[in-house]
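Peer 1: Those sequence lines, one after another, are chains L and W.
When you line the first sequence up against my numbering, it's residues 244 to 605, in that order.
When you line the second sequence up against my numbering, it's residues 244 to 605, in that order.
Honestly, the hints are just simulated from the structure, not real lab data.
A couple of the hints might just be wrong.
Since the list can't tell identical chains apart, any single copy or any two copies may satisfy a pair.
Said to hold, decoys possible - With a cut-off of at most 27 Å between alpha-carbon atoms, the simulated DSS-like pairs for lysine-lysine come out as follows:
{"hint": "1", "residue 1": "K597", "residue 2": "K375"}
{"hint": "2", "residue 1": "K548", "residue 2": "K331"}
{"hint": "3", "residue 1": "K465", "residue 2": "K380"}
{"hint": "4", "residue 1": "K375", "residue 2": "K331"}
{"hint": "5", "residue 1": "K594", "residue 2": "K380"}
{"hint": "6", "residue 1": "K325", "residue 2": "K380"}
{"hint": "7", "residue 1": "K323", "residue 2": "K555"}
{"hint": "8", "residue 1": "K323", "residue 2": "K468"}
Residue strings, one per chain:
There are 2 protein chains.
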Amino acid sequence: MVRNILITLLLFVSVTLNAQKTQYHDAAQLNVIGKAIPTSRSFTRIDTAAYRFNDAVIEEFACHSTGLAVLFATDSPFIKAKWLTSGKNASENMTAIAQKGLDLYIRQNGEWVFAGVGRPQMDQGPDYASHKSTIVKSMAPGRKECLLYLPLYDRLDSLFIGIAEDSYIEPLENPFRHRIVIKGSSVTHGLAASRPGMSYAARFGRDNGFYCFNLGFSGMSKLQKEYAEYLADIEADAFIFDAFSNPSAEIIHERFDAFVDIIRAAHPEVPLIFMQTERRESRNFDTWREDFEARKQAAAEEEIKERMKTDKHIYFLPSDDFLGDEHIATSDGSHPTDLGFTYMLESISPKILKILRKYGIK
Amino acid sequence: MVRNILITLLLFVSVTLNAQKTQYHDAAQLNVIGKAIPTSRSFTRIDTAAYRFNDAVIEEFACHSTGLAVLFATDSPFIKAKWLTSGKNASENMTAIAQKGLDLYIRQNGEWVFAGVGRPQMDQGPDYASHKSTIVKSMAPGRKECLLYLPLYDRLDSLFIGIAEDSYIEPLENPFRHRIVIKGSSVTHGLAASRPGMSYAARFGRDNGFYCFNLGFSGMSKLQKEYAEYLADIEADAFIFDAFSNPSAEIIHERFDAFVDIIRAAHPEVPLIFMQTERRESRNFDTWREDFEARKQAAAEEEIKERMKTDKHIYFLPSDDFLGDEHIATSDGSHPTDLGFTYMLESISPKILKILRKYGIK
Numbered sequence: 244m245v246r247n248i249l250i251t252l253l254l255f256v257s258v259t260l261n262a263q264k265t266q267y268h269d270a271a272q273l274n275v276i277g278k279a280i281p282t283s284r285s286f287t288r289i290d291t292a293a294y295r296f297n298d299a300v301i302e303e304f305a306c307h308s309t310g311l312a313v314l315f316a317t318d319s320p321f322i323k324a325k326w327l328t329s330g331k332n333a334s335e336n337m338t339a340i341a342q343k344g345l346d347l348y349i350r351q352n353g354e355w356v357f358a359g360v361g362r363p364q365m366d367q368g369p370d371y372a373s374h375k376s377t378i379v380k381s382m383a384p385g386r387k388e389c390l391l392y393l394p395l396y397d398r399l400d401s402l403f404i405g406i407a408e409d410s411y412i413e414p415l416e417n418p419f420r421h422r423i424v425i426k427g428s429s430v431t432h433g434l435a436a437s438r439p440g441m442s443y444a445a446r447f448g449r450d451n452g453f454y455c456f457n458l459g460f461s462g463m464s465k466l467q468k469e470y471a472e473y474l475a476d477i478e479a480d481a482f483i484f485d486a487f488s489n490p491s492a493e494i495i496h497e498r499f500d501a502f503v504d505i506i507r508a509a510h511p512e513v514p515l516i517f518m519q520t521e522r523r524e525s526r527n528f529d530t531w532r533e534d535f536e537a538r539k540q541a542a543a544e545e546e547i548k549e550r551m552k553t554d555k556h557i558y559f560l561p562s563d564d565f566l567g568d569e570h571i572a573t574s575d576g577s578h579p580t581d582l583g584f585t586y587m588l589e590s591i592s593p594k595i596l597k598i599l600r601k602y603g604i605k
Numbered sequence: 244m245v246r247n248i249l250i251t252l253l254l255f256v257s258v259t260l261n262a263q264k265t266q267y268h269d270a271a272q273l274n275v276i277g278k279a280i281p282t283s284r285s286f287t288r289i290d291t292a293a294y295r296f297n298d299a300v301i302e303e304f305a306c307h308s309t310g311l312a313v314l315f316a317t318d319s320p321f322i323k324a325k326w327l328t329s330g331k332n333a334s335e336n337m338t339a340i341a342q343k344g345l346d347l348y349i350r351q352n353g354e355w356v357f358a359g360v361g362r363p364q365m366d367q368g369p370d371y372a373s374h375k376s377t378i379v380k381s382m383a384p385g386r387k388e389c390l391l392y393l394p395l396y397d398r399l400d401s402l403f404i405g406i407a408e409d410s411y412i413e414p415l416e417n418p419f420r421h422r423i424v425i426k427g428s429s430v431t432h433g434l435a436a437s438r439p440g441m442s443y444a445a446r447f448g449r450d451n452g453f454y455c456f457n458l459g460f461s462g463m464s465k466l467q468k469e470y471a472e473y474l475a476d477i478e479a480d481a482f483i484f485d486a487f488s489n490p491s492a493e494i495i496h497e498r499f500d501a502f503v504d505i506i507r508a509a510h511p512e513v514p515l516i517f518m519q520t521e522r523r524e525s526r527n528f529d530t531w532r533e534d535f536e537a538r539k540q541a542a543a544e545e546e547i548k549e550r551m552k553t554d555k556h557i558y559f560l561p562s563d564d565f566l567g568d569e570h571i572a573t574s575d576g577s578h579p580t581d582l583g584f585t586y587m588l589e590s591i592s593p594k595i596l597k598i599l600r601k602y603g604i605k
């Protein structure tokens with residue numbers, strides 16, 4: 244009886260609050276985290292005026308909001324968003340929420356708990372770049388500390404966060420420790436994650452309280468020297484590499500040493516943790532793919548092991564268990580889903596944490 | 244050295260075979276499985292001329308190819324497909340591969356092993372209903388036994404399978420045993436599965452060798468009598484229900500008994516296994532949702548437990564562990580991803596198998 248009265252009261256309060264007008268705040272004025280080096284545009288992970296990659300696709304990806312998040316606190320009973328991306332559709336192996344949506348977590352007893360998603364516009368046509376969504380509503384009164392992940396695989400031209408007219412919103416201090424750079428392919432980019440906060444890089448950061456920078460470049464991560472030059476400029480406590488997913492065996496042999504040389508010149512003793520590329524499911528029956536991938540993996544192992552002989556701060560993580568053994572961990576034979584990332588994190592997290600502890604990173 | 248010569252030879256043979264012309268075969272002439280009751284259209288799961296649902300959305304969903312698959316054998320080194328769906332885009336919480344793509348498995352030592360996906364057209368515009376994709380290529384010589392899952396969340400108007408000009412293709416006998424009907428909501432429909440073969444219904448069937456029928460109807464599964472009348476007509480060894488995800492507490496109380504009465508009149512002693520609806524992540528902070536969902540779950544439990552007093556062939560599976568406890572199992576707070584389905588199957592599979600064994604279903 245008392246419970247029912249309380250519920251009714253709570254619902255009445257919720258409805259009343261939801262009927263309130265919405266005030267929108269520019270998210271750029273809050274605490275935008277996830278840029279390894281500051282950029283002039285609010286939601287761009289790399290400044291392509293400062294760093295040139297000599298490739299239109301790489302420069303497009305550099306402008307993605309991949310790995311960025313907005314930290315803020317509010318006492319609003321609801322959180323809405325209006326945002327602008329490119330008008331592109333997600334590719335066929337990913338969700339639009341991951342590509343150009345938003346993913347909100349609220350801190351509860353020190354844990355970031357999923358609160359809701361910003362659902363992007365999905366109608367067809369080139370002009371559907373403008374999105375509006377209620378992320379969460381009918382919340383109990385009180386201050387909420389919020390972590391809002393931005394689109395994984397799209398440009399974010401603007402973002403406004405909507406709260407109740409009589410509520411406050413303010414930047415929240417970045418609670419993540421250390422500076423860990425994760426450089427890689429589409430796997431790191433988070434292509435087949437279901438939501439922006441579900442990339443393995445975001446999960447590794449959230450799970451362990453680490454400040455991670457997502458430098459995943461889908462299909463374009465081929466040990467180019469331009470990336471190494473960018474990485475050299477980052478103030479970093481550790482680098483994690485998914486470096487062998489995109490290049491062929493030939494490219495790995497050709498470029499690996501020069502790539503590491505550039506980073507080492509700037510960071511002589513920072514741990515460089517290289518993951519072997521996953522054993523793709525697309526190898527199961529395709530003999531061409533089997534050969535291509537096996538040669539890639541062999542080249543990676545050969546180069547790394549040679550380098551480890553003279554560099555005691557380089558580490559190599561095997562990938563045998565990244566996709567489990569039930570053929571259920573990818574969206575298309577190559578890209579790990581949230582399930583694939585779970586397997587992968589179960590494999591790499593304890594190994595990486597053990598390495599990082601040696602450097603006082605914990 | 245010998246290995247390198249062999250690889251070169253294999254690559255040459257692969258390239259030669261891939262350069263061969265492609266012959267296309269109508270998949271409707273192969274073995275299309277997954278229809279609980281035969282339908283006049285090749286890839287339609289329910290015949291809406293024979294069964295009326297008095298709702299345009301339900302009738303649209305009834306025409307989806309959800310849960311259907313094509314069984315065939317071929318000695319072609321590659322498998323391609325041309326197919327026609329509606330021109331709709333996937334909703335923002337699912338991949339286009341799951342919505343309107345194809346998902347191929349090849350039998351290896353008695354196990355169905357993932358072989359490749361049919362990638363649908365993703366360009367923008369209403370006319371992109373026509374798809375063409377190479378699912379797998381460069382396969383070693385020999386007969387392949389194939390299981391090709393059809394689009395989960397779209398109409399399939401036609402499907403042609405492409406093989407090499409001098410290869411054969413023939414229907415493959417259905418290896419799945421017993422007849423298990425799975426009726427439910429978007430969770431059963433497989434909305435946030437990454438591929439058509441990754442719905443929990445498809446995985447439960449594939450993992451256990453059972454012949455399962457997917458009757459998931461996203462958002463529309465509200466214990467309507469029209470469904471019960473259809474279910475009554477199915478020759479079935481067991482029914483599994485995700486029946487409490489869509490209806491409100493009020494609807495559950497109002498319709499549950501009548502729904503079961505209709506099925507029981509036709510199937511007096513067939514096991515009816517009802518799953519509690521998952522504890523949605525959208526409840527985490529939304530007090531309105533929390534109340535609505537808690538009342539739904541209470542109503543479901545109350546109705547089921549009352550009915551179990553007089554019907555000893557009704558079973559109830561709790562859902563507490565369906566989504567794990569890390570807030571990482573859904574694409575949007577409601578829809579389990581492949582990871583969510585993994586948690587769910589870990590919970591329900593042993594319980595369902597134990598029940599089914601009592602009825603000689605194993």
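Peer 1: Hints first: check each against the structure and report whether it holds.
Peer 2: Hints, verified against the model:
1. K597 - K375: Neither, since 43 Å and 47 Å both go past 27 Å.
2. K548 - K331: Cα proximity of K548 and K331: none, with 41 Å in one copy and 50 Å across.
3. K465 - K380: between (44 Å within a copy, 25 Å between copies)
4. K375 - K331: both (16 Å within a copy, 21 Å between copies)
5. K594 - K380: The answer is neither: 39 Å in one copy and 36 Å across copies each exceed 27 Å.
6. K325 - K380: Classified as within; 15 Å inside a copy, 44 Å across copies.
7. K323 - K555: neither (49 Å within a copy, 48 Å between copies)
8. K323 - K468: neither (41 Å within a copy, 38 Å between copies)
In terms of the numbered hints stated before, the structure departs from hints 1, 2, 5, 7, 8, listed from lowest to highest.
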